[in-house]
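A.B. asks: From first to last, the protein sequence lines are chains A and B. Mapping of the first sequence onto my numbering: residues 1 to 618, in sequence order. Mapping of the second sequence onto my numbering: residues 1 to 82, in sequence order.
I should point out that these hints are in silico values taken from the structure, not numbers from a laboratory. The model shown is predicted, which means the values in this text are computed figures rather than measured ones. Accuracy of the hints is not assured; some may be wrong.
[Said to hold, decoys possible] What follows is a set of in silico ranges between Cβ atoms, one per label pair, in the way DEER data are often shown:
1. Phe222/A / Ser68/B: 24 to 30 angstroms
2. Ala37/B / Gln236/A: 48 to 54 angstroms
3. Val436/A / Arg9/B: 23 to 29 angstroms
4. Val230/A / Ala37/B: 17 to 23 angstroms
5. Gly147/A / Ala37/B: 24 to 30 angstroms
6. Leu614/A / Ser68/B: 30 to 36 angstroms
7. Arg435/A / Ser68/B: 26 to 32 angstroms
[As the list claims (entries may be wrong)] Examples of chain B residues toward chain A, derived with CB under 8 angstroms:
8. Ala4
9. Ile13
10. Leu33
11. Phe49
12. Pro53
13. Gly59
[Stated by the list, open to error] Some chain B residues flagged as far from chain A (calculated, every beta-carbon gap over 10 angstroms):
14. Met1
15. Thr2
16. Asp5
17. Pro7
18. Thr10
19. Ala15
20. His18
21. Ala22
22. Glu32
23. Leu55
24. Ser68
25. His74
26. Leu75
27. Arg76
28. Thr77
Even for Gly, the Cβ is constructed at its ideal location relative to N, Cα and C.
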Amino acid sequence: MSAAAPLRLALVGNPNSGKTALFNQLTGSRQKVANYAGVTVERKEGRLVSRSGRHYAVLDLPGAYSLHAASLDEAITRDLCRGYLPGEPAPDVLVCVVDATNLRLHLRFALEVRELGKPMLLALNMADVARRRGIHIDLAVLARELGVPVVETVAVQQNGSAALVEQLDRMAEGLQPPQRQIAQGADLHQETRRLLAAAVQMPTRTASIDGALDRWLLHPVFGLVALALVMFLIFQAVYAWAAPLMGVIAAATGWLGDSVGAVLPEGPLSSLLVNGVIAGLGGVIVFLPQILILFAFILALEESGYLPRAAFLLDRMMASAGLSGRSFIPLLSSFACAIPGIMATRSILDPRDRLATILVAPLMTCSARLPVYALLIGAFIPQRQVWGVFNQQGLVLFGLYVAGILSALMVSWVMKKWRRDKGEHPLMLELPSYRVPQVRDVLIGLWERAWIFLRRVGGIILALTILLWFLLSYPAAPGDGTLSAIEYSFAGRIGHAMTGIFAPIGFNWQICIALIPGMAAREVAVASLATVYALSAADDSAAAQALTPLIADGWSLATALSLLVWFIYAPMCISTLATIKRETNSWRKMSFATIYLFALAYGASFVTYQLAVLLGAG
Amino acid sequence: MTLADLPKRTPAIVASVHESSAQDNIARRLRELGFVAGERVEMLVCGPFGREPLLVQVGFTRFALRRSEAARVHLRTDGEAA
């Protein structure tokens, strides 16, 4: 076979078989991540060149417990293995990856794959851990009884897949289907038991470390305390460690904007590039450090096996609110940004649970709301101690976070009741053995997610910032104009027109105008307010500093509280809405999300404003 | 007795998985996960709220099951024939 027509391999196996780690080792950084046509299931392909110079195209299929698919992921795996998936050629060789320490479960699936009758080989992954636990597997006997070649692999070790690649080179000389099929009348479980009895000796059932760790980490009291500590550490890291990096990025974008502005002659092009494109994209990239730090934690916790434990601890509580323990990870991600959070809901098998999670993910306080909160809290909430220990400003910020979480639980609970859903939504979640996370796998995962985030958000933000720049810049102020330029623009006129709707919740026309660019990215609202108040500020923090006294004098406390509450729900992040549309593939669900978030924001702000006015804060 | 009634840290043997409806995908998936006649199971921990979900060990694997899921797994009782 020539190098031009590489042999197509598909890695198939149970979740937690170490399949992706093996894929990373086989293909290194030569990976391409995309989606399968028309569905939101991740398609990962890579290249492999063996020492003998043979080329392979390697596909990492979604993990599956069975070819009787229970989820979209499993359906893709089933169809691809059978060669039925439109647009995807059937793989030449199926590499079935099994965890050597968990053969009881994984061999059953391997047998199911073998029944497809395609050329196949079995990779006994984590062979090193199996040996350490005293599990002895007779490769020759297993290969003979199974009728397919069997190799040992250690995905986390240099050269741990050498035997696999050598075996592939041998198989490539002449592809053969499996030498055995299941005996008439025997079922897969019986056959698994027969194979285990013939080829495997094992002294202990599971690693004792799992038992010891689970006793503490799943303990009703210590488990919850440990989870709270882990969460606290993550949030501390996301907000404290990211700050210097964000400063660097903001400074770099500002410098780039200034440089471009200095080179280009003043005019529409310069204005578009500096105020539209560079400022808009910079406003998104600035959140990358927080998102990357959060994802580094999530990936490491996922690899270690802890995240399913967190889902275990919280499942009952989330189920009573119409969610599931599996919603925990996507909602956690949404604290950095709802977009990766919504994308992470793909791991939720149940369609209702998945939709509920997608719909409430925007209620988690994403980092883009922080600049707005910081401005308003700084201007209106006095800095003083409460009960001697707490900072009042910090308490208000904490309250805003809690309000978002409680609202999410309430919304999903109402949706559950409203549908009168009596159906059963399964959990059946595997809690894998604890493992030490591998730096390489975490880094590859981070790289992929950063890339997906930038690609998904980049296009939308770019288009929107150009549109908003146009609305804000045209028509230009007349030469004898006395008002700030923005009041003559389309955006200014729209803002004035909006006041009629927003007066009952206390928003003045300046706020209304700022809400428009805030649709592209929430934090832009601060910079827009500065524009509206005709301030020339060098960057966002300078804008906030200059704004603070202005709004503290100009706005009533009721207006400020109303705007704070508005941003808990803040329905106008267009990137989030676009992601909801993509992931649900439904305009109706996206419209529902928009309308309910808007209604909630308006209602809550209305109540806040009117109450505050009644109490004399108007 | 079903797996949902099994006391903590008491090993038991699966008798069968009962289907709660004609097309019970949950029962089928439980079988695929290894809950089949003759398998040794043990309930290790209950979740902190409402004693749910259950951490169940079957073979070498641990699963979190809700009570309604575990109730489909019927266990052999002492003296009962296999």
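A.B. asks: Take the hints in turn and mark each one as holding or not.
C.D. replies: Against the structure, the hints come out as follows:
Distance hint for Phe222/A and Ser68/B: a CB-CB separation of about 27 angstroms, consistent with the stated range 24 to 30 angstroms. The beta-carbon spacing between Ala37/B and Gln236/A, approximately 50 angstroms, falls within the hinted interval of 48 to 54 angstroms. One distance hint, 23 to 29 angstroms for the beta-carbon pair Val436/A and Arg9/B, holds here, with the actual separation near 28 angstroms. Between Val230/A and Ala37/B the beta carbons are some 39 angstroms apart, a value that contradicts the proposed interval 17 to 23 angstroms.
Taken as a hint, the range 24 to 30 angstroms holds for the pair Gly147/A and Ala37/B, whose Cβ atoms sit roughly 26 angstroms apart. For the hinted restraint 30 to 36 angstroms between Leu614/A and Ser68/B, the CB-CB distance of approximately 48 angstroms leaves it violated. The supplied range of 26 to 32 angstroms is met by Arg435/A and Ser68/B, whose beta-carbon atoms lie about 31 angstroms from each other. With a cut of 8 angstroms, the hint placing Ala4/B at the interface with chain A is violated, because the nearest CB-to-CB distance is about 13 angstroms.
Nearest Cβ of chain A to the Cβ of Ile13/B: about 14 angstroms, over the 8 angstroms cut. The hint is violated. Evaluation of the Leu33/B hint against chain A yields a held restraint, the C-beta minimum of about 6 angstroms falling below 8 angstroms. Given the 8 angstroms rule on beta carbons, the hint for Phe49/B holds: about 4 angstroms separates it from the nearest Cβ of chain A. Interface restraint check for Pro53/B: the shortest CB-CB distance to chain A comes to about 5 angstroms, inside 8 angstroms, so the restraint holds.
At a threshold of 8 angstroms, the smallest CB-CB gap from Gly59/B to chain A is about 4 angstroms, leaving the interface hint in force. Annotated as non-interface, Met1/B keeps its C-beta farther than 10 angstroms from every C-beta of chain A; the closest such distance is 20 angstroms. Non-interface call for Thr2/B relative to chain A: holds, since the shortest CB-CB distance, roughly 16 angstroms, exceeds 10 angstroms. The claim that Asp5/B is not at the interface with chain A holds, since no C-beta of that chain comes within 10 angstroms of its own (minimum 18 angstroms).
The beta carbon of Pro7/B sits about 16 angstroms from the closest Cβ of chain A, which is more than 10 angstroms, so the claim that it is off the interface holds. Taking the minimum C-beta to C-beta distance to chain A, about 15 angstroms, the non-interface status of Thr10/B holds against the 10 angstroms cut. Every beta carbon of chain A lies more than 10 angstroms from that of Ala15/B, the smallest distance being close to 14 angstroms; the non-interface claim holds. No beta-carbon of chain A comes within 10 angstroms of the beta-carbon of His18/B; the shortest separation is about 14 angstroms.
No Cβ of chain A approaches the Cβ of Ala22/B within 10 angstroms, the least distance being about 14 angstroms, so the stated non-interface status holds. Chain A draws Glu32/B into its interface by the beta-carbon criterion, the shortest separation being 4 angstroms against a cut-off of 10 angstroms. Not every beta carbon of chain A lies more than 10 angstroms from that of Leu55/B, the smallest distance being close to 6 angstroms; the non-interface claim is violated. Residue-level check failed: Ser68/B sits 6 angstroms from the nearest beta carbon of chain A, not beyond 10 angstroms.
Once the 10 angstroms rule is applied to beta carbons, His74/B is consistent with being away from chain A; the minimum gap is 16 angstroms. The Cβ of Leu75/B lies farther than 10 angstroms from every Cβ of chain A, with a closest approach of about 17 angstroms, so its non-interface assignment holds. The non-interface label for Arg76/B is consistent with chain A: the shortest C-beta to C-beta separation is roughly 16 angstroms, beyond 10 angstroms. Thr77/B, annotated as away from the interface, keeps every beta carbon of chain A farther than 10 angstroms; the closest lies near 22 angstroms.
The structure is inconsistent with the numbered hints 4, 6, 8, 9, 22, 23, 24, although it conforms to all the rest.
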